[in-house]
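Protein chains in written order, with the working numbering: chain C, 1 to 224; chain D, 1 to 454.
By construction, these hints were calculated from the structure, which means they are not laboratory data. Each hint should be verified, as a subset may be incorrect.
Computed list of chain D residues with no C-beta within reach of chain C, every gap over 12 Å [claimed, not checked]: (1) 96; (2) 120; (3) 196; (4) 422.
Pairs of lysine-lysine residues, derived as DSS-like cross-links and limited to a Cα-Cα distance of at most 25 Å, are as follows [what the hints assert, rightly or not]: (5) C/89 / C/57; (6) C/142 / C/125; (7) C/139 / C/208; (8) C/89 / D/221; (9) C/125 / C/139; (10) D/166 / C/57.
Cβ atoms here follow ideal geometry from the backbone N, Cα and C, with glycine treated the same way.
So the chains spell out like this:
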Amino acid sequence: MRVLVAEDHASLARSIANGLREEGYAVDLTFDGAEALQWASENPYDCAVLDVMMPNKTGFQVVETLRRNGSAMPVIFLTARDTVEDRVKGLNLGADDYLIKPFEFDELLARVRAIIRRGHNHASKSIIVGNLEIDTAAKSVKRAGATITLSAREYALLEYLALRQGEVVSRSEIWEHLYDQNDETVSNVVDVYIGYLRGKIDRDHETKLIHTRRGMGYVLSESP
Amino acid sequence: MTRRIAAAILATVWATLIAGGLVAYFVTRAVQVEDLDQTIITHARALDAVKGRPEYRKPEAQPTDALVATSQGESNPPKAMKPRPPGILPTVRDAQFTSQGSGIRYRHLTLEFQPVAQGGGPLKVEYSLPSKHFDAFMNRLAISLSLFGAIAGIVSAAIALVVSRKTLQPLRETAEAIGAIDERMLDRRINADALPEELQPVADRLNQMLGRLDLAFAQRKQFLADASHELRTPVAALVTSIEVALRRPREAADYVRTLKVCLSDARLMRQLIQTLLDHARSEAAPESAEPFDAVALLNQCADVADGLAAARDVTVVRTLPSSLEVRTQPNRLRGIVMNLLGNAVEHNRTSGTVEIQCEANGANLEIVVSDTGKGIPAADLPHIFQPFYRAAKDEDPDAARQHMGLGLFLVDSHIKALGGECRIQSEVGVGTSFHIRLPNVIAVESKVLAASLG
Numbered sequence: 001m002r003v004l005v006a007e008d009h010a011s012l013a014r015s016i017a018n019g020l021r022e023e024g025y026a027v028d029l030t031f032d033g034a035e036a037l038q039w040a041s042e043n044p045y046d047c048a049v050l051d052v053m054m055p056n057k058t059g060f061q062v063v064e065t066l067r068r069n070g071s072a073m074p075v076i077f078l079t080a081r082d083t084v085e086d087r088v089k090g091l092n093l094g095a096d097d098y099l100i101k102p103f104e105f106d107e108l109l110a111r112v113r114a115i116i117r118r119g120h121n122h123a124s125k126s127i128i129v130g131n132l133e134i135d136t137a138a139k140s141v142k143r144a145g146a147t148i149t150l151s152a153r154e155y156a157l158l159e160y161l162a163l164r165q166g167e168v169v170s171r172s173e174i175w176e177h178l179y180d181q182n183d184e185t186v187s188n189v190v191d192v193y194i195g196y197l198r199g200k201i202d203r204d205h206e207t208k209l210i211h212t213r214r215g216m217g218y219v220l221s222e223s224p
Numbered sequence: 001m002t003r004r005i006a007a008a009i010l011a012t013v014w015a016t017l018i019a020g021g022l023v024a025y026f027v028t029r030a031v032q033v034e035d036l037d038q039t040i041i042t043h044a045r046a047l048d049a050v051k052g053r054p055e056y057r058k059p060e061a062q063p064t065d066a067l068v069a070t071s072q073g074e075s076n077p078p079k080a081m082k083p084r085p086p087g088i089l090p091t092v093r094d095a096q097f098t099s100q101g102s103g104i105r106y107r108h109l110t111l112e113f114q115p116v117a118q119g120g121g122p123l124k125v126e127y128s129l130p131s132k133h134f135d136a137f138m139n140r141l142a143i144s145l146s147l148f149g150a151i152a153g154i155v156s157a158a159i160a161l162v163v164s165r166k167t168l169q170p171l172r173e174t175a176e177a178i179g180a181i182d183e184r185m186l187d188r189r190i191n192a193d194a195l196p197e198e199l200q201p202v203a204d205r206l207n208q209m210l211g212r213l214d215l216a217f218a219q220r221k222q223f224l225a226d227a228s229h230e231l232r233t234p235v236a237a238l239v240t241s242i243e244v245a246l247r248r249p250r251e252a253a254d255y256v257r258t259l260k261v262c263l264s265d266a267r268l269m270r271q272l273i274q275t276l277l278d279h280a281r282s283e284a285a286p287e288s289a290e291p292f293d294a295v296a297l298l299n300q301c302a303d304v305a306d307g308l309a310a311a312r313d314v315t316v317v318r319t320l321p322s323s324l325e326v327r328t329q330p331n332r333l334r335g336i337v338m339n340l341l342g343n344a345v346e347h348n349r350t351s352g353t354v355e356i357q358c359e360a361n362g363a364n365l366e367i368v369v370s371d372t373g374k375g376i377p378a379a380d381l382p383h384i385f386q387p388f389y390r391a392a393k394d395e396d397p398d399a400a401r402q403h404m405g406l407g408l409f410l411v412d413s414h415i416k417a418l419g420g421e422c423r424i425q426s427e428v429g430v431g432t433s434f435h436i437r438l439p440n441v442i443a444v445e446s447k448v449l450a451a452s453l454g
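Next up, chain C with everything else stripped away, as it sits in the complex:
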């Protein structure tokens, strides 16, 4: 999952970005409102975490412009402004959530997770595909009751496919959602990770869940 973090207090921004990266998110980081708007317009982030008071463009302005341009990107505001009017304004502008500084990082994580799930129309924290069960809160994966250990990248890939289960997901979509601007990726990295994932998810099971659609991408589903 790829997240945009825009916050003008540098140390806060970096800590959030590092924490999210360690949780397996691809994170793009900016300290500037105008840059945040430009990036959000160009990249399909699964979630944007925006400070309200930023140089050049406020978080409110960023969301307003995004929504006007038809983007439904899930947005969480981070703000020191805790008045009811401010919250109402933020939510009215089309933000999905509102977090008051100072906050607990775990709470931010939980909200980012929830908002990404909701963005993919999944209200529950666990996603089930056949006998595969993904707990997005614990980031644990079980198949037929047996726990499968995945690396952060592998998990991120599986979660993304699972959130879009039944849909064909192209390589470039996967790439866009799993890698941030700083990742130096080789062209076949997606195929490599799909290979790892198949080895851990499908190898010991008769029913395969990950299917290749030649020329289009991959599908995670029970039916072939």
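Following the hints, put chain D in place on chain C, whose structure we already have.
Chain D only, in chain C's frame:
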């Protein structure tokens, strides 16, 4: 107030009633006594002892038929002449009310008739008449007057109370309205139109005062809100940095990095808290003006700035007289100069210069702090004294967050507290200079006086 006005009205009304009653009583009494005495005299003159003695009798007066002519020649009918009682009028030697044993009161007159003809001395006659009717009349009068007075007194008391209540009702309502106003409702105003004319200036003044309080409170509130808002972000950064660092075991170098980041955020908070406390303290307990050498103080500030400037390869140039005696608040002056010098060094270019000048202009002290920094865009100039204001764009987000945007706010509040003013000249890419003028801090007269005396 109501009671006092009512009491004043009542005292006046009652005093008038009592005085009027007494006057009415005694005037009536005098008239009645006169009447009574006349009756007695008439009776006395009718006594045989008087009537029968010709030496005490005047000859019968002849009625005259004279016409009274007016200037217009019209004639009025002659007035009917009253038939005069016979005899002469006695002199009243003594008159008193006496009381016989039976309890009946009498009017007793001692009269003396002077003879009009030869033959006999003055005739002394004592005559008493029961004063029953007179007493009864006077009693009735006293009772009537007392009753009337009492009723009028009560009625006037009631009226006074109602009127004073009614008159003061708007004042009471106003008092209630004022009483209901606390710091959360300073936007309320007293309705001056509802008040009597005399009270309207009071209401107007109160409204003006409320307006000033409202503004001052709003500014305080905004400052407090901004300050807490500014504290939230470094706290959030501190908490998040530590939380993220503690999520898993790490290398020592990672912890050191995290601790350094935390330290810079903690320093930012310390700086903000220190600034807020200084500000609150200088507002709460104003320093008193004292005489000191301004140049010595400016040199101290410049020494501190030298230390900061050396690290950035900036030169601090001092254009100062040898000494300048002033009378003002030294800590405020230091606050002004230190903040400006700090900014001038901070926002300067490498190998730039900062200049501090000062001179006496009459009784005014003029200080100029100028730099060769990046300058302030015209759009930002009107806002730079606002607390927590930051120019829109700072290239380096780490540097931008090292300042809370309070320095110039403090400079401004110090200058205002000293009654001075500040003018800014700035050109983007060239530099900025702050011209400060503090009025009446140099004792010109005393110097001139001392010189002329010396």
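Each hint tested on the structure:
1. 96: About 96 Å separates residue 96 of chain D from the closest Cβ of chain C, which puts it past 12 Å; holds.
2. 120: Holds, since 120 Å exceeds 12 Å.
3. 196: holds (41 Å)
4. 422: holds (26 Å)
5. C/89 / C/57: holds (16 Å)
6. C/142 / C/125: holds (14 Å)
7. C/139 / C/208: holds (21 Å)
8. C/89 / D/221: holds (21 Å)
9. C/125 / C/139: Cα-Cα ~10 Å, so holds.
10. D/166 / C/57: It is violated: about 61 Å lies between the C-alpha atoms, which goes past 25 Å.
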